[in-house]
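Q: Make the full structure from the sequences, and use the hints.
Chains as they are written, first to last, in numbering that gives the first Met the number 0: chain W, 0 to 207; chain G, 0 to 207.
Rather than coming from a laboratory, the hints here were simulated on the basis of the structure.
Fair warning: there could be bad hints in the mix.
Said to hold, decoys possible - One side of the interface only, derived from the structure: several residues of chain W facing chain G at Cβ under 8 Å:
#1 Ala34
#2 Gln39
#3 Ala182
To be verified - Pairs of lysine-lysine residues, derived as DSSO-like cross-links and limited to a Cα-Cα distance of at most 30 Å, are as follows:
#4 W/Lys198 x G/Lys162
#5 G/Lys153 x W/Lys99
#6 W/Lys170 x G/Lys153
#7 W/Lys198 x W/Lys117
What the hints assert, rightly or not - To spell it out: a stretch of chain W is covered by chain G in this simulated footprint if at least three of its residues, at any positions, have a beta carbon under 8 Å from a beta carbon of chain G; those stretches are:
#8 61 to 75
#9 103 to 113
#10 164 to 174
#11 196 to 205
These numbers were taken from a predicted model, which means no experiment stands behind them.
For each residue, glycine too, the CB sits at the ideal point set by N, CA and C.
Number of protein chains: 2
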Amino acid sequence: MSKTIAILGGTGDLGTGLARRWAKAGHRVIIGSRAAEKAQAAAAEVEGAEGMDNLAAPAAAEIVAITVPYENQLRTLEAVKDALKGKILIDATVPLMPPKVGTVQLPEGGCAAVNAQKMLGEEVQVVSAFQNVAAEKLKSSDDLDCDILVTGDKLAAREEVIKLVEDAGLKGWHAGPLANSAAAEALTSVIIQINRRYKITAGIRITG
Amino acid sequence: MSKTIAILGGTGDLGTGLARRWAKAGHRVIIGSRAAEKAQAAAAEVEGAEGMDNLAAPAAAEIVAITVPYENQLRTLEAVKDALKGKILIDATVPLMPPKVGTVQLPEGGCAAVNAQKMLGEEVQVVSAFQNVAAEKLKSSDDLDCDILVTGDKLAAREEVIKLVEDAGLKGWHAGPLANSAAAEALTSVIIQINRRYKITAGIRITG
Chain W
0 MSKTIAILGG TGDLGTGLAR RWAKAGHRVI IGSRAAEKAQ AAAAEVEGAE
50 GMDNLAAPAA AEIVAITVPY ENQLRTLEAV KDALKGKILI DATVPLMPPK
100 VGTVQLPEGG CAAVNAQKML GEEVQVVSAF QNVAAEKLKS SDDLDCDILV
150 TGDKLAAREE VIKLVEDAGL KGWHAGPLAN SAAAEALTSV IIQINRRYKI
200 TAGIRITG
Chain G
0 MSKTIAILGG TGDLGTGLAR RWAKAGHRVI IGSRAAEKAQ AAAAEVEGAE
50 GMDNLAAPAA AEIVAITVPY ENQLRTLEAV KDALKGKILI DATVPLMPPK
100 VGTVQLPEGG CAAVNAQKML GEEVQVVSAF QNVAAEKLKS SDDLDCDILV
150 TGDKLAAREE VIKLVEDAGL KGWHAGPLAN SAAAEALTSV IIQINRRYKI
200 TAGIRITG
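A: Laid out in structure tokens, this is it:
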């Protein structure tokens with residue numbers, strides 16, 4: 000079923016990649032950015048997407064994704080807290096702390112997605128996903144050799160996000176409660192290390 | 000090159016699995032347990048292995064692995080601290096906190112392997128590995144569809160452990176500093192969730 004999805008910070012590689020893939024799958028996609036003009040410019044490159052500022056985008060959407068750098072995560076969400084009420088927030092945040100982005104440094108409390116959920120309160124259903132897919136691959140139209148760990152405290156919300164993961168051409172796995180987002184968040188630094196050492200663009204697959 | 004490897008807590012599935020595979024690859028394997036008789040009984044089941052108590056085993060070995068439950072990790076290591084000096088310790092500990100083993104609950108400081116390294120000091124080279132392989136599959140002689148994330152602060156020690164990972168029939172990846180063990184430790188709860196939900200015995204593969 001077609002959804003209206005806003006992507007906060009949708010002008011980066013990850014956000015644009017999701018926008019392209021979801022628009023192609025038939026969803027109405029709104030790219031959000033701090034400046035509406037920047038969002039509109041990015042949307043002009045994505046067939047079927049439109050651009051709004053980060054405040055207007057979530058108000059116009061049924062489902063909201065956030066793909067901003069870690070340092071902007073809570074501030075961006077705080078500003079749109081009311082517009083997120085009753086909605087699913089797909090949090091793709093990875094708590095990388097430059098310059099040591101190849102070293103796991105989990106935030107206070109252990110998990111960026113859990114911190115977002117705490118700040119937003121129970122009226123928002125935070126589901127964490129997309130931490131481990133290479134943004135530049137997602138932005139391309141290539142097949143993606145990567146699975147997505149989907150965590151969240153509400154089963155129905157996870158189910159809905161797993162459908163959107165599939166619409167983006169990826170396989171999503173129910174990976175447990177939102178606290179388990181810590182695994183996906185930490186894994187990104189491992190992937191960065193592997194990319195550097197083996198000169199690949201790594202992803203993960205679940206086997207078994 | 001053949002090594003003498005002691006496995007603390009080697010009577011469990013993971014320890015016995017490693018013992019079998021390493022002995023088969025031509026290493027001298029010493030299974031350690033709290034009681035020497037229990038270690039000897041376990042060793043009798045593994046061709047080419049011998050059994051000693053957890054105190055004697057590391058003193059007789061060049062490389063030591065630990066595969067005990069999380070609650071016994073630091074206590075077991077503390078007791079053999081001196082015997083570990085100048086050696087590599089392969090730490091397979093997963094900080095699972097029953098009853099919620101399917102929920103990531105990283106320890107104080109964020110990483111069980113880092114806590115071991117801190118307690119043991121710089122004379123011991125802690126390398127973390129084997130958190131994400133199913134113990135019962137490791138114990139079998141089946142091919143293993145799982146990669147191993149190998150983390151540690153010293154490159155040469157990681158290299159040596161990666162060779163032992165290969166001797167056990169698995170692919171090992173340089174996954175960065177010991178702090179990155181947090182990713183492998185956290186991932187185990189994700190794998191437990193996936194096993195429960197999808198009725199599989201999951202592992203991970205690095206793609207790219």
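Q: Mind listing which of the numbered hints don't hold for this structure, in increasing order?
A: 1, 2, 6, 7 and 8
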